[in-house]
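Colleague: Chains as they are written, first to last, in my numbering: chain A, 1 to 158; chain B, 159 to 522.
Source of the hints: derived by calculation from the structure; they are not laboratory data. All residues carry an ideal CB built from backbone N, CA and C; glycine is no exception. Accuracy of the hints is not assured; some may be wrong.
Stretch by stretch, here's where chain A covers chain B in the computed footprint (C-beta under 8 Å, at least three residues) [unchecked claim]:
#1 215 to 222
#2 483 to 490
According to the in silico footprint, chain B covers these stretches of chain A (three or more CB under 8 Å from chain B) [to be verified]:
#3 18 to 32
#4 125 to 131
Each computed DSBU-like pair below joins lysine-lysine, with the alpha-carbon atoms no more than 35 Å apart [unchecked claim]:
#5 A:53 / A:99
#6 A:32 / B:245
#7 A:19 / B:370
#8 A:22 / B:249
Each chain, written out:
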Amino acid sequence: MFLKEYFTTIYKSVRSLLKGMKLTGYYFTHPKEIQTEEYPDNRATLQMFDRFKGEVVMPHDEHNEHRCTGCQACEIACPNGTIKIITKQELQPDGKKKKAIDTFVYHLELCTMCNLCVIACPSDAIVMAQTFEHSVYDKKQLKKVLNNPGSKIMEGVE
Amino acid sequence: MNLFLEISFASLATGLHNSLTASITSEMTVKVIEMAIAGLSLLLFLVPLCFFLGYMERKVAAFMQVRLGPNRVGPKGSMQIVADTVKLLFKEGLTPTASDRFLFNLAPIIVVVTSMLVMAPIAFARNFQIWDTSIGVLYVSSMSSIAVIGILMAGWSSYNKYSLLGAMRSGAQIVSYELSVGLSLISIVILTGSLRMSDIVMSQENGWWIFKGHIPILISFVIFIIASTAEINRAPFDLAEAEQELTAGFHTEYSGMKFAMFLLAEYINLFIVSAIAATLFLGGWMPFHIGHWQTFNHVMDFIPSSLWFLGKTFAIIFIIMQFRWTFPRLRVDQLLNLEWKYLLPISMVNVLLVTVMAIMGWHF
Numbered sequence: 001m002f003l004k005e006y007f008t009t010i011y012k013s014v015r016s017l018l019k020g021m022k023l024t025g026y027y028f029t030h031p032k033e034i035q036t037e038e039y040p041d042n043r044a045t046l047q048m049f050d051r052f053k054g055e056v057v058m059p060h061d062e063h064n065e066h067r068c069t070g071c072q073a074c075e076i077a078c079p080n081g082t083i084k085i086i087t088k089q090e091l092q093p094d095g096k097k098k099k100a101i102d103t104f105v106y107h108l109e110l111c112t113m114c115n116l117c118v119i120a121c122p123s124d125a126i127v128m129a130q131t132f133e134h135s136v137y138d139k140k141q142l143k144k145v146l147n148n149p150g151s152k153i154m155e156g157v158e
Numbered sequence: 159m160n161l162f163l164e165i166s167f168a169s170l171a172t173g174l175h176n177s178l179t180a181s182i183t184s185e186m187t188v189k190v191i192e193m194a195i196a197g198l199s200l201l202l203f204l205v206p207l208c209f210f211l212g213y214m215e216r217k218v219a220a221f222m223q224v225r226l227g228p229n230r231v232g233p234k235g236s237m238q239i240v241a242d243t244v245k246l247l248f249k250e251g252l253t254p255t256a257s258d259r260f261l262f263n264l265a266p267i268i269v270v271v272t273s274m275l276v277m278a279p280i281a282f283a284r285n286f287q288i289w290d291t292s293i294g295v296l297y298v299s300s301m302s303s304i305a306v307i308g309i310l311m312a313g314w315s316s317y318n319k320y321s322l323l324g325a326m327r328s329g330a331q332i333v334s335y336e337l338s339v340g341l342s343l344i345s346i347v348i349l350t351g352s353l354r355m356s357d358i359v360m361s362q363e364n365g366w367w368i369f370k371g372h373i374p375i376l377i378s379f380v381i382f383i384i385a386s387t388a389e390i391n392r393a394p395f396d397l398a399e400a401e402q403e404l405t406a407g408f409h410t411e412y413s414g415m416k417f418a419m420f421l422l423a424e425y426i427n428l429f430i431v432s433a434i435a436a437t438l439f440l441g442g443w444m445p446f447h448i449g450h451w452q453t454f455n456h457v458m459d460f461i462p463s464s465l466w467f468l469g470k471t472f473a474i475i476f477i478i479m480q481f482r483w484t485f486p487r488l489r490v491d492q493l494l495n496l497e498w499k500y501l502l503p504i505s506m507v508n509v510l511l512v513t514v515m516a517i518m519g520w521h522f
């Protein structure tokens, strides 16, 4: 009984070792599978994966409209105060005053790209872009305003 | 074509000998000069070999791990190892104050010298051996054993309890796996009837031992490869010296040139172990002949013997490298377990089988 177990152990282990070697042999003989991105040589054709968290942007459509209602959920969700929302009271067509966004201040130098603001936004106003080359020589360039000048909220959002 | 074929290492050696005896009368001087040339050419062969092996290791590792490896320094990253060596040369060779200075400095020397000494009986090509002694296999086996002293010395003299532990584990590992290596070597010696390297290679003229001695020699070969990877402290048996274990084990306290010597010794050992496996099991510099296929054999004979030898050696080096990047590391008790409970009993039974095979003539 011991002998049978002994030899089955040897047989099973040799089989699993050979399976491992087959896989590494496959990887060795198929250089097409190589995942290395040869940055910066491939900057022209480089495309990051869909869920890449680069920086926060507010997409505007062709009429220069965004989806931000000024609810400040992203400012509350941000763990280190990267987002500062400045709101204003806008006069609606029916006479009532409604909160709207004036300036969306985004401190790129503080942002940890944690994605919590994007998750917190109830109207899908902000997304994570795919850019990652943020280095600048002047720190003032990193304090960004995300909503375009002269833009307003889209119809139908909230 | 004829002229090209006539230039072989052996003819170079005889030509050199003839020109030396013609110009210098004293036989002793000729001998000394020849020995110096042999030693120097060996060193000149070994250092570029280690560069090449280092580069090969990193590239092979990278391709197996689905990545690229060094590709910036020099064409396709070939100068990376040169850069690393120059960096090691410039590093400060720190000797801990409380260490045993004499042993600390002596240890890497012993490890490197014993590795280089084993290169003597290896036949690189037809008629091209530094020292064809009648105890070739015994010499190889015993020289590799002396390297353990260097490792233990390194661990002890570092004055570091982790180095000592690493050295002790490494010593235990090497000493135990030597038994399996020895028994595998003995199985070939039984079939050949001689310890002399050239006899062993010549006996494989009609076929390599791995084909002639079928199953028992195949088992012997596999055990030899596994036990040799453990002998040279290579993954998956590198518990004693891996970076993540015991902070690099017995060579923790070494830096600069002394550390480079340990690395050099490791790569030379890798080459030697593969060369021995190629010589004993795969026919050394003998070309690959199949029975009576005259034209095929004739074509195979055109390939120079040194190329056959190097090809076989590098094939085995590749397999040993594949072991490193496929298998997880073994814990020290699993390591010793493997040797004493599996490899050694199987080797012993195998030697018995090979003896029976040799007596009864049940091999090709």
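Colleague: Could you tell me which of the hints above the structure violates, numbers in ascending order?
Modeller: 4 and 8
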